[in-house]
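Engineer: Which chain is which? The protein sequence lines are W, P and E, in order.
Letter by letter, the first sequence follows residues 0 to 278 of numbering that gives the first Met the number 0.
Letter by letter, the second sequence follows residues 0 to 286 of numbering that gives the first Met the number 0.
Letter by letter, the third sequence follows residues 0 to 291 of numbering that gives the first Met the number 0.
If you are wondering where the hints come from, they were derived from the structure by calculation, not from laboratory data.
A few of these clues could be false.
[Stated by the list, open to error] Listed below are the simulated EDC-like cross-link pairs for lysine to aspartate or glutamate, each with C-alpha atoms no more than 20 Å apart in a straight line:
(1) Lys52(W) with Asp92(W)
(2) Lys202(E) with Asp258(E)
(3) Lys131(P) with Asp258(E)
(4) Lys161(W) with Glu190(W)
(5) Lys131(P) with Asp239(E)
(6) Lys116(W) with Asp202(W)
[What the hints assert, rightly or not] Pulled from the structure, derived: some chain P residues nowhere near chain E, Cβ distances all over 10 Å:
(7) Ala23
(8) Thr51
(9) Ala52
(10) Pro53
(11) Glu55
(12) Asn56
(13) Arg59
(14) Arg60
(15) Asp111
(16) Gly134
(17) Ala167
(18) Arg180
(19) Leu228
(20) Ser236
(21) Ala257
Think of the CB as a built atom: it goes at the ideal place given N, C-alpha and C, for glycine as much as any other residue.
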Amino acid sequence: MTPVEPITGLRARHPLEERPACPAPQPIVEVDRLSLYYGEKPAFQDVTLSINKGCITALVGPSGCGKTSFLTCLNRLTDLITGCRVSGRITIDALDVLAPSTNVIQLRRRIGMIFQKPNPFPLTIRRNLEFPLREHGLQDREQITQTMEATLRDVGLWDEVKDRLDSPALALSGGQQQRLCIARALALFPEVLLMDEPCSALDPLSSGVVEDLIVSLRSHYTVLIVTHNLAQARRIADYAALFWVQNGAGQLIETGTAKQIFEEPRDPLTAAYVSGMRG
Amino acid sequence: MAKTLSRLQNPREWLALVFVWGAAALVTATFCWLLGDIIRHGLSHISWTFLTAPPENAGRRGGIGPILVSTSLILGVCLAVSLPIGIGTAVLLAEFTSDQSLFGWMTRRSLDILAGVPSIVFGLFGNAFFCKTLGLGFSILSGGLTLACMVLPILIRSTEEGFRAVPASYRLSAAALGLSRTTTLVHLLLPAAVPGLLVGLVLGVGRAIAETAALIFTSGYVDRMPESLLDSGRALSIHIFDLSMNVSGGDANAYASALVLVIMLLAINGTASWLATYGLHRKVVTV
Amino acid sequence: MTSLSSNTLSRWSTDELLCWVLRGTAAIAGTIVLLIVAFLIVEALPVLHHIGLLRFFTDPSWHPVEGLYNLTPMLWGTLFAMTGSVLIATPLGILSAVFCHYYAPPALARPYRRLIELLAGIPSVVYGFWGLVVLVPLIAEIQPPGPSLLAGILILTIMILPTITLMADASLANVPQQYVRGAAALGLPRWATIRGVVFPAAKSGLFTGVILETGRAIGETMAILMVCGNVVQIPTSIFDPIRTLTANIALEMAYALGDHRAALFVSGLVLMAMIVALALAAEWISRGRVYG
Numbered sequence: 000m001t002p003v004e005p006i007t008g009l010r011a012r013h014p015l016e017e018r019p020a021c022p023a024p025q026p027i028v029e030v031d032r033l034s035l036y037y038g039e040k041p042a043f044q045d046v047t048l049s050i051n052k053g054c055i056t057a058l059v060g061p062s063g064c065g066k067t068s069f070l071t072c073l074n075r076l077t078d079l080i081t082g083c084r085v086s087g088r089i090t091i092d093a094l095d096v097l098a099p100s101t102n103v104i105q106l107r108r109r110i111g112m113i114f115q116k117p118n119p120f121p122l123t124i125r126r127n128l129e130f131p132l133r134e135h136g137l138q139d140r141e142q143i144t145q146t147m148e149a150t151l152r153d154v155g156l157w158d159e160v161k162d163r164l165d166s167p168a169l170a171l172s173g174g175q176q177q178r179l180c181i182a183r184a185l186a187l188f189p190e191v192l193l194m195d196e197p198c199s200a201l202d203p204l205s206s207g208v209v210e211d212l213i214v215s216l217r218s219h220y221t222v223l224i225v226t227h228n229l230a231q232a233r234r235i236a237d238y239a240a241l242f243w244v245q246n247g248a249g250q251l252i253e254t255g256t257a258k259q260i261f262e263e264p265r266d267p268l269t270a271a272y273v274s275g276m277r278g
Numbered sequence: 000m001a002k003t004l005s006r007l008q009n010p011r012e013w014l015a016l017v018f019v020w021g022a023a024a025l026v027t028a029t030f031c032w033l034l035g036d037i038i039r040h041g042l043s044h045i046s047w048t049f050l051t052a053p054p055e056n057a058g059r060r061g062g063i064g065p066i067l068v069s070t071s072l073i074l075g076v077c078l079a080v081s082l083p084i085g086i087g088t089a090v091l092l093a094e095f096t097s098d099q100s101l102f103g104w105m106t107r108r109s110l111d112i113l114a115g116v117p118s119i120v121f122g123l124f125g126n127a128f129f130c131k132t133l134g135l136g137f138s139i140l141s142g143g144l145t146l147a148c149m150v151l152p153i154l155i156r157s158t159e160e161g162f163r164a165v166p167a168s169y170r171l172s173a174a175a176l177g178l179s180r181t182t183t184l185v186h187l188l189l190p191a192a193v194p195g196l197l198v199g200l201v202l203g204v205g206r207a208i209a210e211t212a213a214l215i216f217t218s219g220y221v222d223r224m225p226e227s228l229l230d231s232g233r234a235l236s237i238h239i240f241d242l243s244m245n246v247s248g249g250d251a252n253a254y255a256s257a258l259v260l261v262i263m264l265l266a267i268n269g270t271a272s273w274l275a276t277y278g279l280h281r282k283v284v285t286v
Numbered sequence: 000m001t002s003l004s005s006n007t008l009s010r011w012s013t014d015e016l017l018c019w020v021l022r023g024t025a026a027i028a029g030t031i032v033l034l035i036v037a038f039l040i041v042e043a044l045p046v047l048h049h050i051g052l053l054r055f056f057t058d059p060s061w062h063p064v065e066g067l068y069n070l071t072p073m074l075w076g077t078l079f080a081m082t083g084s085v086l087i088a089t090p091l092g093i094l095s096a097v098f099c100h101y102y103a104p105p106a107l108a109r110p111y112r113r114l115i116e117l118l119a120g121i122p123s124v125v126y127g128f129w130g131l132v133v134l135v136p137l138i139a140e141i142q143p144p145g146p147s148l149l150a151g152i153l154i155l156t157i158m159i160l161p162t163i164t165l166m167a168d169a170s171l172a173n174v175p176q177q178y179v180r181g182a183a184a185l186g187l188p189r190w191a192t193i194r195g196v197v198f199p200a201a202k203s204g205l206f207t208g209v210i211l212e213t214g215r216a217i218g219e220t221m222a223i224l225m226v227c228g229n230v231v232q233i234p235t236s237i238f239d240p241i242r243t244l245t246a247n248i249a250l251e252m253a254y255a256l257g258d259h260r261a262a263l264f265v266s267g268l269v270l271m272a273m274i275v276a277l278a279l280a281a282e283w284i285s286r287g288r289v290y291g
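Kindly generate the complete structure, drawing on both the sequences and the hints.
Structural biologist: Structure, rendered in structure tokens:
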């Protein structure tokens, strides 16, 4: 297993730029013939996909075609679901994700996840950020404070909350809560960020703010985002993958650069979907 | 107006109205009769001396001081044993086993049956197991342990409900941040489940204080001040039973003891329903 | 500076340790029922060995000191008291719940529900005491001696009433509002809606409530012991004194020795069997096998 860097809070970091460019293709996540079953019912089957480092990959497709289930395989949240069976192979930086010996806790530290509904813990804003950091072994108060400020600045929340870090996180607005959740994930220095429709529960204005934030993560983090909003996928994604339900199970129909998927789709289903005719 | 008319037109509707209101009135009247009777006869006897003095002349005169001490000791033993076991089991059932697992299913079923076991059967069991087999004799310890078995199902059920009321998103987001299950439990789930736990605790205490049949053959009748947990001690409910059945002329003190017991239980029940209504929806802000 | 890997490794084992501790506590909690049954059997075994199960029903009378162990009068006592109280408490309890949901103005429904909860919290010894000093003298005026099956039934009724009311209340609350609105849209009056729509929809909860109250009625000891007179006989009228299985145990445990003590554990086993049968019935109902 690749050794995981300890969190020190002192890792050299650059403040996020406005619109960083996508680096040259270099796969970091490799998914090979991945299938997932809930009991006997397949959620998706035989998905083979590679995801490039530092880029934003959008997973699009109609509801119920296994996009969210696919995300939960990557950080093994599937372990929490009873009766759920995963087969195939996922490697992240040479780490075999699905191997039983894999340390799930380390894995989940390296792969952050943002949910559709903002889900800060019912604690204060400060505790929301500090608590996971401490749990992952960062004890130094100074470093924690620095990391907290840096990540809150990254998500553009610092100026809004710096005077009320000790008020409950649930008192924030929906968009602020979602940015807090992103900050909470970024504080652990993940290599990959999984986002499950992070904007769909937000109002248009907050949604725009969060979208800009996601764009600014490009090249610093590998982002995998599920979205139903094709316009959004078109705006932010470098790569795109289309899922579709065929024969009662989700399938990966087509992958490619976002430009290619949206402008010159090869598969007729993709063409129909991106032009808004189906799904 | 239209409603009233249609009701009057239909004799069956009218009859139902009478029966429903009649049932409610009957139940309310009985309740008031019972409570009024106990308050009317009991209140005049209650004083600080009554609460602290030892009973005299088999309880006809004197107070209930040692009996209150025994009752609280029995309760203390009961909670000290049942709380850790109860919370542990509730956490396991709510967080660590799926509904399909055999172990969870068996534990749940056996608790369901335990909840229905008559208290006198607990008394038989306590007498055979704690008093005889474990050699604890008639003692506060035996009584408390017997009560602990009795309150476990109540405690576990409410605590489990408390845990189930915690939104699933807490667990998912904690797992996604790579927090261990122990940490998630201690820092997130437990604080959020505290109201359910309190409801269970209060209901369990209520059941334990009210219990008589399970204690007759485990903690015994002795009304002296207990000197250790291995002494026999008389619980308040047994005191009432003894005064009314075995001691002629004990009615006045029985009334007063009954009032003390009822006040304790009403306070406990009030706390429980207050917690259940307002506490369960409380937002936990700090750990 | 802490290295993450070593830290998480140790935390993994904390998780496993915790899981095993919890399993231990659950195993203790789950074993209690088995322990109870085991101890009842072990203690009852000597007498079952000596005289066999049959003589508990065929002996001429209950005179344990002389070696006569007929439990039938006590079984009848339990059965009569239980049936009578369930028959009165069930309609009263269900009507009370209906009152809370469909008849009472909101300002009355809440206090009434609270009152029922308070009734549930009053200990059996207080009910027994009240029955002894208030009900029994009243009954004695109508037909001596006073302590009787009737007194037992009345006291049991008040005691099990909260059980059925609270269960019925919960199951009425679970009836989907759209059924009631649908019936109202059809112009059905209130009681017709309740009888035709609400009761069928709430049926399994109501049945579970009846089973729970039956269990309480069978198991109740102190109140029954205090008001029923405790004469070992099969009653011929509701004014006759009776003795129930539970009261029998409570009365005689204090001085019972040898086979007599074992015989009391046999009656404990009989009670346990009734409760398990009721629990099975409840499980059967909750799986939704009651239709039609």
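Engineer: All the hints need checking, so say for each whether the structure fits it.
Structural biologist: Here is what the structure says about each hint:
1. Distance hint between Lys52(W) and Asp92(W) is fulfilled; the C-alpha atoms sit about 10 Å from each other, no more than 20 Å.
2. A hinted pair counts as satisfied when its Cα atoms are at most 20 Å apart, and Lys202(E) with Asp258(E) does not qualify at roughly 45 Å.
3. For the hint pairing Lys131(P) with Asp258(E), the CA-to-CA distance comes to about 16 Å; that is within 20 Å, so the pair holds.
4. For the given pair, Lys161(W) sits about 27 Å from Glu190(W) by alpha-carbon distance, which is inconsistent with the 20 Å threshold.
5. Note on Lys131(P) and Asp239(E): the hinted pairing is violated, with a Cα-Cα distance of about 37 Å set against a maximum of 20 Å.
6. At most 20 Å may separate the alpha-carbon atoms for a hinted pair to count; Lys116(W) and Asp202(W) meet this at roughly 12 Å.
7. Listed as a non-interface residue, Ala23(P) fails to keep its Cβ farther than 10 Å from every Cβ of chain E; the least gap is roughly 4 Å.
8. Every CB of chain E lies more than 10 Å from the CB of Thr51(P), the least distance being 22 Å, so the non-interface label holds.
9. With a minimum CB-CB distance of about 21 Å to chain E, Ala52(P) clears the 10 Å threshold, and the non-interface call stands.
10. Non-interface call for Pro53(P) relative to chain E: holds, since the shortest CB-CB distance, roughly 21 Å, exceeds 10 Å.
11. The Cβ of Glu55(P) lies farther than 10 Å from every Cβ of chain E, with a closest approach of about 21 Å, so its non-interface assignment holds.
12. Consistency note on Asn56(P): stated as away from chain E, and its beta-carbon is indeed over 10 Å from all of that chain's, at 19 Å minimum.
13. No Cβ of chain E approaches the Cβ of Arg59(P) within 10 Å, the least distance being about 15 Å, so the stated non-interface status holds.
14. No Cβ of chain E comes within 10 Å of the Cβ of Arg60(P); the nearest lies about 19 Å off, and the non-interface call holds.
15. At roughly 6 Å, the least C-beta separation between Asp111(P) and chain E is not larger than 10 Å, which violates its mark as non-interface.
16. For Gly134(P), the shortest C-beta to C-beta distance to chain E comes to about 15 Å, beyond the 10 Å cut-off, and the non-interface label holds.
17. No beta-carbon of chain E comes within 10 Å of the beta-carbon of Ala167(P); the shortest separation is about 19 Å.
18. Remark: the non-interface label on Arg180(P) conflicts with the geometry, its nearest Cβ contact in chain E lying 5 Å away (cut-off 10 Å).
19. With 10 Å as the threshold on Cβ separation, the claim that Leu228(P) sits away from chain E holds: the shortest Cβ distance comes to roughly 20 Å.
20. With a least CB separation of 4 Å from chain E, Ser236(P) falls inside the 10 Å interface cut-off, contrary to its annotation.
21. Residue placement check: Ala257(P) does not keep its beta carbon more than 10 Å from all beta carbons of chain E (closest about 5 Å).
Comparing the model with each earlier hint shows violations of hints 2, 4, 5, 7, 15, 18, 20, 21; every other hint is respected.
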